[in-house]
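Q: Sequence order for the protein chains is A, B, C and D.
So the first sequence is numbered by the numbering used here: it starts at 432 and just counts up by one.
So the second sequence is numbered by the numbering used here: it starts at 432 and just counts up by one.
So the third sequence is numbered by the numbering used here: it starts at 432 and just counts up by one.
So the fourth sequence is numbered by the numbering used here: it starts at 432 and just counts up by one.
None of these hints come from the bench; they were simulated from the model.
Take these hints with a grain of salt, some might be off.
No copy labels: a pair is met if it fits in one copy or bridges any two.
Straight-line distance between alpha carbons at most 30 Å, and here's what the computed DSS-like set of lysine-lysine pairs gives [unchecked claim]:
id : residue 1 : residue 2
1  : Lys651    : Lys451
2  : Lys651    : Lys497
3  : Lys451    : Lys611
4  : Lys646    : Lys497
5  : Lys451    : Lys521
6  : Lys497    : Lys521
7  : Lys521    : Lys611
8  : Lys651    : Lys521
Model, not experiment: these values are computed from the prediction.
There are 4 protein chains.
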Amino acid sequence: MTALDRLCAEVCHANLALVKHGLVTLTWGNASAILRDEGLVAIKPSGVSYDTLTPDQIVVLDLSGKVVRGTLRPSTDAPTHLALYNAFPKVGAIVHTHSSYATVFAQARREIPCLGTTHADHFAGAVPVTRQLTPGELTEYEHNTGRVIAERFANVDPAAIPAVLVAGHAPFAWGPTMAKAVDNALALEAIARMAHATLLLRPDAPTLEPHVLAKHHDRKHGANRYYGQP
Amino acid sequence: MTALDRLCAEVCHANLALVKHGLVTLTWGNASAILRDEGLVAIKPSGVSYDTLTPDQIVVLDLSGKVVRGTLRPSTDAPTHLALYNAFPKVGAIVHTHSSYATVFAQARREIPCLGTTHADHFAGAVPVTRQLTPGELTEYEHNTGRVIAERFANVDPAAIPAVLVAGHAPFAWGPTMAKAVDNALALEAIARMAHATLLLRPDAPTLEPHVLAKHHDRKHGANRYYGQP
Amino acid sequence: MTALDRLCAEVCHANLALVKHGLVTLTWGNASAILRDEGLVAIKPSGVSYDTLTPDQIVVLDLSGKVVRGTLRPSTDAPTHLALYNAFPKVGAIVHTHSSYATVFAQARREIPCLGTTHADHFAGAVPVTRQLTPGELTEYEHNTGRVIAERFANVDPAAIPAVLVAGHAPFAWGPTMAKAVDNALALEAIARMAHATLLLRPDAPTLEPHVLAKHHDRKHGANRYYGQP
Amino acid sequence: MTALDRLCAEVCHANLALVKHGLVTLTWGNASAILRDEGLVAIKPSGVSYDTLTPDQIVVLDLSGKVVRGTLRPSTDAPTHLALYNAFPKVGAIVHTHSSYATVFAQARREIPCLGTTHADHFAGAVPVTRQLTPGELTEYEHNTGRVIAERFANVDPAAIPAVLVAGHAPFAWGPTMAKAVDNALALEAIARMAHATLLLRPDAPTLEPHVLAKHHDRKHGANRYYGQP
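Excised from the complex, chain A in its bound form (with noise of 0.2 Å):
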């Protein structure tokens, strides 16, 4: 089993991952991952049922979006992760979903605010959102909206805040391995769903102060990170 058989497999068990955890209906939702010394992406096949999904399905592109394996069409977003994979050199996956309150946050076009220590664990801060695309920007929609994506993380730290949600649109997270990157779209989800209902009990509630959300984040993800096993 090569490298790239590894990481199809792994792709093919994130996007199984995304349906099981609920994130995913019908087949709106689509996980990716790179080996960055290749330069190659492995991403499912667009509109392909989540029943029958295999690995050998799995489509296999280089950074310019030739198909380099498998022989049904890559997902209608590849162009968006692809942009992605070149604006952020650390990330190693991509999951797209549109999970239920990941996009009614993106729907209300309104960034996720941090109000909890759940959220600090994965975000280090609000959750943002992107401008909407320009009518220009639409001949090259799926690309565009990954360029959209890197614009509004010009001045934020793709490996401290993993998400993103598109305006009007829906979700992107990601991280440095697949299994991470599942995490980080199932803690978004989490976290929006809290915050929504936070929201409508409490319009006003405050954002979790700035040292018990450094702390939080730090312990997990920190130089002297103490969560987890060593």
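With chain A's structure known, arrange chains B, C and D on it following the hints.
A: Using the frame of chain A, we list chains B, C and D on its own:
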């Protein structure tokens, strides 16, 4: 196996899928499909539990409502289905449910606005609400429910907006095939749930920009659609 | 197997169905049924886990509350059930749960208005709320809970509105048979959840037009009902 | 099997029950229990997946925090658990989760008012919220989280109100036994979800009348309790 046998099997399977996807509680729902060449409609029997539903219990009617196969009474909503098949010549299958959030919009007598691309992928604009039936229209209640839906679509393309909310009642969804009609019923509930949560978070949430709405609908349904496999 | 054995089996099965349908958390619920000819009521034992409930654990009482079969204590709510069987001579079975949204309306001390046909199919009008018990009525708390329900139905037909919300507490539902009582408890939770979401979306949502309410209720329950099989 | 082996098995089982009941997402939660005679606490290891958790992975600490059994790091929240065992001498087990609606109230920095008998059956009054920790208290963050909880309970009986919301963080629940602590965590989430929905429906919903609150709590927990089996 005849084409009619296949239709009955598909209709039985679709009815069970509605339960599996959580769109139907108790016996609140029914699915039907039509063989256009023969003018025959297969539909769920009335009030029969989904637990024990089998293809041979599916009732077959002609377009005038006469039972041509089956020993059980057809769904009480059969005249609504027939009215829709007569009014919408390209519709191949119809799904009626009382799925929670689509029903909530029907009860609020409020159309579901297009707030995002998930909506636009399935419905090319707001999902409309009918008017309420008059007391005089109750004589042929179920037939007139179909007529009132058709009236509401006088200037709406039922292929572009394959669902409706009956005021104070619940949704109907449809499609060219049984599988597409079930997908549209499932998509309808998902977009209703997200629109509901979006409007609670931001009552003045903007509808999706028309250029993005058209782009998303066209990539799945337009002449040059490129979503899915060729 | 005697009629009483069958009753105990039905009551056991109904209690388990409440858990399966998500109406009961922990031990917050109980179902009972009556043999009118013999004046015997079968009910769940108190505080027994649903995981291990068997028909022979079901407790049988006479209408005065005396245990005539079984070695376990009956549900603490047994006196409420008995008071209802005494007050409503046509009721054959009773279901008490703390199902989420019915309990929410009970806590808000607000009746569930009839906002749609799903409601009208099961309840011929608003589901009422009782008054709170006075301090003096706590001496025989569970018995008086039943009395306060009966008081609320002085001018309401318990066959037409087979459920009530006890103020600050939770719902009771009933029916002519155990199966119908469970269906009514399930329908109650579904219409409470949809009414809640409807009222959040549109606080002044209109109640269902009386002519449509009567039509829907009559097609399932009226003298000329035509829903279901003959 | 020693008493300590049994404790580890119970703690493992409780951690898995939290996932089964939907109280824990990813690794956001941990359960512990104490052998008071030996001063030993068994707790979940940090960041270990619930999918593969076994009793021999459970870590045993003394009350000063020294690991006396097990090869994995204990939960990062272990110092909070230890502080609570030291502050509340009658507590036998503790459950920490980020369950959705309890966390929502913690994020809104709002106590959960007692709005109904479901609440009163488990908690003899509002479930309180702590103050936020100061920057100076972050040095021993987890230990001080326990101290801030104990501070909040200076005038509250932890046996009567067996749960707390840590401001901007999430809930802790406890009980005399591991099973009771899990039940309280489950009850806490259920009453938080219902309180949330009640307050959205009616922001000025009345708290339960004190005489009914006392009656309900006493029939389960009072000197003359009569709920359950003798």
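Q: Go through the copies and call it for Lys651 and Lys521: within, between, both or neither, with a Cα cutoff of 30 Å.
A: Within one copy only: 18 Å inside a chain, 33 Å across chains, cut-off 30 Å.
Q: For Lys451 vs Lys521, is the C-alpha pair at or below 30 Å within one copy, between two copies, both, or neither?
A: Close inside one copy (27 Å), not across copies (35 Å); limit 30 Å.
Q: Are the CA atoms of Lys651 and Lys451 at most 30 Å apart within a copy, between copies, both, or neither?
A: Intra 26 Å, inter 25 Å, cutoff 30 Å: intra and inter.
Q: Is the C-alpha distance from Lys497 to Lys521 at most 30 Å within one copy, between copies, in both cases, or in neither?
A: within (22 Å within a copy, 38 Å between copies)
Q: Check Lys651 against Lys497 for me: Cα-Cα at most 30 Å, and say if that holds within a copy, between copies, both or neither.
A: The answer is between: 22 Å across copies meets 30 Å, while 38 Å in one copy does not.
Q: Can you tell me if Lys521 and Lys611 fall within 30 Å by alpha carbon in one copy, between copies, both or neither?
A: within (13 Å within a copy, 40 Å between copies)
Q: Given identical chains, is Lys646 near Lys497, meaning Cα to Cα at most 30 Å, within a copy, between copies, both, or neither?
A: between (44 Å within a copy, 23 Å between copies)
Q: Is it within a copy, between copies, both, or neither that the alpha carbon of Lys451 lies no farther than 30 Å from that of Lys611?
A: both (16 Å within a copy, 22 Å between copies)
Hint compliance for this structure: every hint is met.
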